[in-house]
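Order-wise, the sequence lines are chains L and C. The opening residue of the first sequence carries number 1 in my numbering; numbering runs sequentially from there. The opening residue of the second sequence carries number 254 in my numbering; numbering runs sequentially from there.
Treat the hints as calculated values from the structure; they're not laboratory data. Among the hints, erroneous ones may be present.
To be verified - Computed spacing ranges between beta-carbons, pair by pair: (1) 336/C - 177/L: 39 to 47 Å; (2) 111/L - 408/C: 52 to 60 Å; (3) 152/L - 302/C: 45 to 53 Å; (4) 174/L - 408/C: 49 to 57 Å.
Just so you know, even glycine gets a beta-carbon here, dropped at the ideal spot from N, CA and C.
Protein chains: 2
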Amino acid sequence: MGTTRLESVPEPKYWQLKSVLTQALDSEFSVGEVLPNERDLAARFGVARATLRQALEQLELEGRLQRRRGVGTTVAPPRMGVAVGSERDAWPSAADDAWQLSGCTVATAPGAVADLLQTDREESLHVVRRSRMTHGQPVAAELLYVPDASVPDLPVIGTAAEAARARSVLRELQRLDLEGQSRTVELGSAGAEDAKELDRLPGAPVLVVTTRYHADGLTAAVSVATYRADTCRLAFGASGGVEIHHGPERRAS
Amino acid sequence: MGTTRLESVPEPKYWQLKSVLTQALDSEFSVGEVLPNERDLAARFGVARATLRQALEQLELEGRLQRRRGVGTTVAPPRMGVAVGSERDAWPSAADDAWQLSGCTVATAPGAVADLLQTDREESLHVVRRSRMTHGQPVAAELLYVPDASVPDLPVIGTAAEAARARSVLRELQRLDLEGQSRTVELGSAGAEDAKELDRLPGAPVLVVTTRYHADGLTAAVSVATYRADTCRLAFGASGGVEIHHGPERRAS
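Just chain L, same shape as in the assembly:
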């Protein structure tokens, strides 16, 4: 970004520092390496600590640095591409699903979710909790909200273990005729429980993916999944089944 016509825009000091730091990260540091402390870095680049901190915050937002308590600031590995909605026409918990069940409760939904489901805000719903790992790291935590009306034949499972309840809800959902999905992505902050599952502090920036599952002309279920914004790049599949070249070969130019 911003490689063109930069001369026409005055850049703040920390932004210039960020560019210099980016080059240093590319050339001098390897992934996982701990950066020198703030005082030494500020001295090396001849800037105030406040300026340095702003630049480090930008690099953290962009996924180049990670700051962890007790470890310090380390060079982040490249973000992981995490496929979203590749099971385009499948209900949650399809065979090739990347998610693991972690619980199921009966609770009310946040107002925005109730509105999407067109249920009363006071109505209790089945809330299935799932989590997703990629390369051994937690990348997403999900709450799937399912109204009673979508699973009318759900067996009475009041005393069953949570995992069994979750499986029952998903099985009943799969009996509906899925007509499609729609999806939004926005910035959010991790709630306490999500943060715990994602191995982050509460309030950490997350990408919130809200998926509506459509059946019988209604929204039959809503999933709210929070993805770690520091480590994830959400990938939406190619349309038309195009095969994408990932190899090292160069195009003729």
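Position chain C relative to chain L; hints supplied.
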């Protein structure tokens, strides 16, 4: 998020305050209203200024508050749903396109873009700059990178005005047979020029949407669009052309 089993997770003080503030925003304040100053708010809720500030930052991340220099902290309007990739099988600048051309230069691409295009990092490309407005507000700034190899018959337009150059590049691109698009979404920070177009300060959080346009088995062009993370919710279309009910009617339950 986090409405279930909250009792099992200890919540930090600012997180509790955030919940209280959210309720106050819902019940006592209207969109655009300026909040009391930090000292008064901290006193009202009986918390330290630092705690208050953390809670306000969370609410800003979640799009509930806006902080603007010279204005103070105001209650944000709901985020705008901005359709991404609704022109699924169209080249940039299709007839119903939401984008406006703002320039065209010849420049090198960032390393990551060059890698997607499988061009040399030193190769100069056509860089078309576009911007997108929704409800009179700037929501996105885009750079579209087009290698010479994708537009071999581009007329010589060295001295033409930028807008004319941009139109020529897009017209040539549309002569290729588009096979599909693939897309990633990740968190980033606004560069100086993007920030200016988006009416934000440099470093503001943005959602970066990278789109690869596939033709002839290659990536023929790459678009890097930065969307304002504070005001935008990116909407990805329903698959299968489902008609979605938006009306106020309630489902039977």
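Each hint, compared with the structure:
no.: 1; hint: 336/C - 177/L: 39 to 47 Å; result: 26 Å, violated
no.: 2; hint: 111/L - 408/C: 52 to 60 Å; result: 56 Å, holds
no.: 3; hint: 152/L - 302/C: 45 to 53 Å; result: 52 Å, holds
no.: 4; hint: 174/L - 408/C: 49 to 57 Å; result: 56 Å, holds
Violation of the numbered hints given earlier is confined to hint 1; every other hint is satisfied by the structure.
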